[in-house]
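Asks: Listed below are the residues making up each chain.
Number of protein chains: 2
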Amino acid sequence: MPAPHRIEADYLIETAYDPRRAAEAMAGEQSSGTFVAIPGETPELKERSAARIEALELVGTAEAPSLPGAGRPEGGVIQRARVTLSWPMDNLGPSLPNLLATVAGNLFELKQFSGLRLLDIRLPQAFAQAYGGPKFGIEGTRRLAGVEGRPIIGTIVKPSVGFGPTETAELVKLLAEAGIDFIKDDELQSDGPHCPFEDRVRAVMRVIDDHADRTGKKVMFAFNLTGEIDQMRRRHDLVQELGGTCVMASLNSVGLVGMIELGRFTQLPLHAHRNGWGYLSRAPMLGWSYVAWQKIWRLAGADHMHVNGLANKFSEADDSVIASARACLTPLFDDKPCIAMPVFSSGQSAKQAPGTYAALGTADLIFAAGGGIMAHPDGPAAGVASLREAWEAAMSDVPLADYARDHAALARALETYAA
Amino acid sequence: MPAPHRIEADYLIETAYDPRRAAEAMAGEQSSGTFVAIPGETPELKERSAARIEALELVGTAEAPSLPGAGRPEGGVIQRARVTLSWPMDNLGPSLPNLLATVAGNLFELKQFSGLRLLDIRLPQAFAQAYGGPKFGIEGTRRLAGVEGRPIIGTIVKPSVGFGPTETAELVKLLAEAGIDFIKDDELQSDGPHCPFEDRVRAVMRVIDDHADRTGKKVMFAFNLTGEIDQMRRRHDLVQELGGTCVMASLNSVGLVGMIELGRFTQLPLHAHRNGWGYLSRAPMLGWSYVAWQKIWRLAGADHMHVNGLANKFSEADDSVIASARACLTPLFDDKPCIAMPVFSSGQSAKQAPGTYAALGTADLIFAAGGGIMAHPDGPAAGVASLREAWEAAMSDVPLADYARDHAALARALETYAA
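These protein sequences, in sequence, are chains Y and E. Going by the numbering used here, 267 is the number at position 267 of the first sequence; the sequence numbering is gapless. Going by the numbering used here, 35 is the number at position 35 of the second sequence; the sequence numbering is gapless.
Careful, some of the hints might be misleading.
Claimed, not checked - Below are the SDA-like pairs computed for lysine to any residue, each with C-alpha atoms no more than 20 Å apart in a straight line:
#: 1; chain 1: E; residue 1: Lys111; chain 2: Y; residue 2: Ser320
#: 2; chain 1: E; residue 1: Lys217; chain 2: E; residue 2: Gly146
#: 3; chain 1: Y; residue 1: Lys46; chain 2: E; residue 2: Pro196
#: 4; chain 1: E; residue 1: Lys173; chain 2: Y; residue 2: His194
#: 5; chain 1: E; residue 1: Lys46; chain 2: Y; residue 2: Lys111
#: 6; chain 1: Y; residue 1: Lys173; chain 2: E; residue 2: Pro196
#: 7; chain 1: Y; residue 1: Lys46; chain 2: E; residue 2: Glu170
#: 8; chain 1: E; residue 1: Lys135; chain 2: E; residue 2: Arg233
#: 9; chain 1: Y; residue 1: Lys111; chain 2: E; residue 2: Pro284
#: 10; chain 1: E; residue 1: Lys46; chain 2: Y; residue 2: Gly164
#: 11; chain 1: Y; residue 1: Lys173; chain 2: Y; residue 2: Asp378
#: 12; chain 1: Y; residue 1: Lys173; chain 2: E; residue 2: Gly40
#: 13; chain 1: Y; residue 1: Lys111; chain 2: E; residue 2: Gly40
#: 14; chain 1: E; residue 1: Lys46; chain 2: Y; residue 2: His194
#: 15; chain 1: E; residue 1: Lys173; chain 2: Y; residue 2: Thr42
#: 16; chain 1: Y; residue 1: Lys111; chain 2: E; residue 2: Asp318
#: 17; chain 1: Y; residue 1: Lys46; chain 2: E; residue 2: Gly40
#: 18; chain 1: E; residue 1: Lys46; chain 2: Y; residue 2: Pro193
#: 19; chain 1: E; residue 1: Lys173; chain 2: Y; residue 2: Val36
#: 20; chain 1: Y; residue 1: Lys46; chain 2: E; residue 2: Lys46
No lab work stands behind these hints: they were computed from the structure.
With the hints as extra help, turn the sequences into a complete structure.
Replies: Written as structure tokens, this is what we have:
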């Protein structure tokens, strides 16, 4: 799909006012609207910069307002609508930080709305020139992890906090020997006093290098470098110097401008953690859809994006998880797709492989499990094997139960895990 | 109040499970909890790092879940509780980005909760050492604006977009001649092609300097430098070089790490715009309270924090506005108060002065009006005068109607404005 000439954003709105009038208020607030005439403003100036309503489709009514504080004219039916607004590129230029104030700024608080959610954004080609996007993506990640033709099987260092560098490295040794492809730090651990970043990287890289020397397989470890700009730069350089192959950052902790900077200087794949995502998204009539949100971070340089997992331990429904993963795999621009590898996690085991593959039709993803590996009754190696076997079955269109007949690790996993 | 030894956070939770069990799940998820026993973990390690429940108080029940996706055990009554968790400082060290993942990370999505809102945070003293806080605050802002003993009367450049540097400077001239103390850029305009930052700063500073030369009064202008790190640095340096006295940034566009960096290098007061705040806060049982949120930004260096205004044009209730302003004026640490000047705006006119003063008991604030100045029937100078007069009345405990008898600008304002 060719990039639009204007910036476009789709919203789900809920209002007791006339929906078109409410959308006009939104468009005015977010562009050249003023409540009183101002000396110097002219119809030409205002027209040049005005946001436009490109589409408005009523999608239903609500019995009660979803959010408090909205106005309700007497007898006003609460209607929901899908609205597309557009803005001239020249209102802001191709700047992601300024884009946020435009498409996701003051409008969520407007009195006209008892619900307002940003569903999607589409950006003109100038954004593709202005931002680098993922430097590694699927191909670069696969090359560094040495995994082709199947998902990258991953896990996480737990407990999140408590382990020092030595305990962390011992766990990595165990997991490497179990055949894992990918390990990530927990988002709670970056450079805490009990587990300093440098000591952790050195201890973990020794284990990873030893294992690679012996087996030829170099486990990819996403070191959580979340911190201030200079800290992230130093931590990145250390990981790179020691031969590490991935760094991780928490998107909502670092924020957009920090991530843009990290995206520009990183020489390693950027594993983007979405912790805090719940507060942006969990109220259905407020905030952000992941489809809109992930575009910002991919353009800024995220190589891997967390999408939760099917039958997860959190509150997200499966269709939402799949929509998120599909979004990460959909090109941003025809000539610059900026594809990020979706990361499935949270309560994952062998059982979710067929559903995940059926919904996505690709194995270009990181499939991370904690208990799905560590709690396998035959040990972590069997846990990893069960995940690989489950994906082999899924990708060959063989039911798990059939494949399990001559795959013992998978068989035990199917007996063990609930989901 | 002395700083706590551990990091503390207060939450409002809603759950159909046993509230204490649900709080334990939260504490575990955000510290050393694991679903399966991991080789290497010991009771000592886990105890050292575990988050603790410091308090739990039931505050009521809900008929239906506030948010979708939560589990509901059969017959489970949906209860609400106020919970305080605490974490050892050594889990993360005094790092604001890592603090976010700890107090506001993955917990909002936990299946146990049909509502979870962060109400407040309290930080150990080490954070006061690690971060600079506001460099100017009330005293520094008053000094640069040349305003003592009353609120700083402010306004905004509107239309947000559409004006070029020339039109902007002409509007500034008009407002300066009207006696304004403070003007801010709109959050939608930073460095757009029609209004490049450098041209705007040069044009506006010429007007401000001319006016200062003639009258001795130098209007404070908050130039919106929101952008990437290097852009913000260059823009800041330009404003400083040209004798400007304030810069503005959008908190949710820049993000935490960018704001920390800006807070460290700025030599001018930092006017922090909260656009996007609605998506973080408007669902009552999700997200952030402003009381918790503003602490992060003050520590990072925000000198001025937007708090909306009484009887505003948005959906926020007055008590919430006042709680936000009080929070900005409450010391963060005994020896490092980090007070930020609250910025009142949105539909403000002379009419809101008494209520604002009565609720806060101080005039240490920026009181910004758009229509409240520009739509005054006797012109902008009368608009500015009406606001000053309204505050004189409020601070002298004289009813506006009485004070208006011999203050014509105020009298006309009271006839004109609805709120």
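Asks: For every hint, state whether the structure bears it out.
Replies: Tested hints:
1. In summary, the hint linking lysine 111 (chain E) to serine 320 (chain Y) is supported, as the alpha carbons are separated by about 15 Å, within the 20 Å threshold.
2. A C-alpha spacing of about 7 Å is found between lysine 217 (chain E) and glycine 146 (chain E), which places the hinted pair at or below 20 Å, so the restraint holds.
3. With a C-alpha separation of about 17 Å, the suggested pairing of lysine 46 (chain Y) with proline 196 (chain E) holds against the 20 Å cut-off.
4. The straight-line distance between the Cα atoms of lysine 173 (chain E) and histidine 194 (chain Y) is roughly 57 Å, outside the 20 Å bound, and the hint therefore fails.
5. Proximity of lysine 46 (chain E) to lysine 111 (chain Y) is assessed by CA-CA distance (about 47 Å); at most 20 Å being required, the pair is judged violated.
6. Restraint check: the Cα-Cα separation between lysine 173 (chain Y) and proline 196 (chain E) comes to about 55 Å, which exceeds 20 Å; the hinted pair is violated.
7. The straight-line distance between the Cα atoms of lysine 46 (chain Y) and glutamate 170 (chain E) is roughly 17 Å, inside the 20 Å bound, and the hint therefore holds.
8. About 16 Å separates the Cα atoms of lysine 135 (chain E) and arginine 233 (chain E), which keeps this hinted pair within 20 Å; it holds.
9. Using a Cα cut-off of 20 Å, the hinted pair lysine 111 (chain Y) and proline 284 (chain E) holds, with the two alpha carbons roughly 16 Å apart.
10. Only pairs whose Cα atoms come within 20 Å are accepted, and lysine 46 (chain E) paired with glycine 164 (chain Y) is accepted, the gap being roughly 12 Å.
11. Taking the CA atoms of lysine 173 (chain Y) and aspartate 378 (chain Y), the gap is about 17 Å. The hint holds against a cut of 20 Å.
12. Restraint check for lysine 173 (chain Y) and glycine 40 (chain E): satisfied, since their Cα atoms lie roughly 12 Å apart, inside the 20 Å limit.
13. For the suggested pair lysine 111 (chain Y) and glycine 40 (chain E), the alpha carbons sit about 54 Å apart, so the restraint of at most 20 Å is broken.
14. Under the criterion of a C-alpha separation no larger than 20 Å, the hint pairing lysine 46 (chain E) with histidine 194 (chain Y) is consistent with the structure, at around 12 Å.
15. With a C-alpha separation of about 18 Å, the suggested pair lysine 173 (chain E) and threonine 42 (chain Y) falls inside the 20 Å cut-off, and the hint holds.
16. Our distance criterion of 20 Å between C-alpha atoms is met by lysine 111 (chain Y) and aspartate 318 (chain E), whose separation comes to about 14 Å.
17. A hinted pair counts as satisfied when its Cα atoms are at most 20 Å apart, and lysine 46 (chain Y) with glycine 40 (chain E) does not qualify at roughly 65 Å.
18. The straight-line distance between the Cα atoms of lysine 46 (chain E) and proline 193 (chain Y) is roughly 15 Å, inside the 20 Å bound, and the hint therefore holds.
19. The suggested pairing of lysine 173 (chain E) with valine 36 (chain Y) holds, with an alpha-carbon distance near 18 Å, which does not exceed 20 Å.
20. For the suggested pair lysine 46 (chain Y) and lysine 46 (chain E), the alpha carbons sit about 61 Å apart, so the restraint of at most 20 Å is broken.
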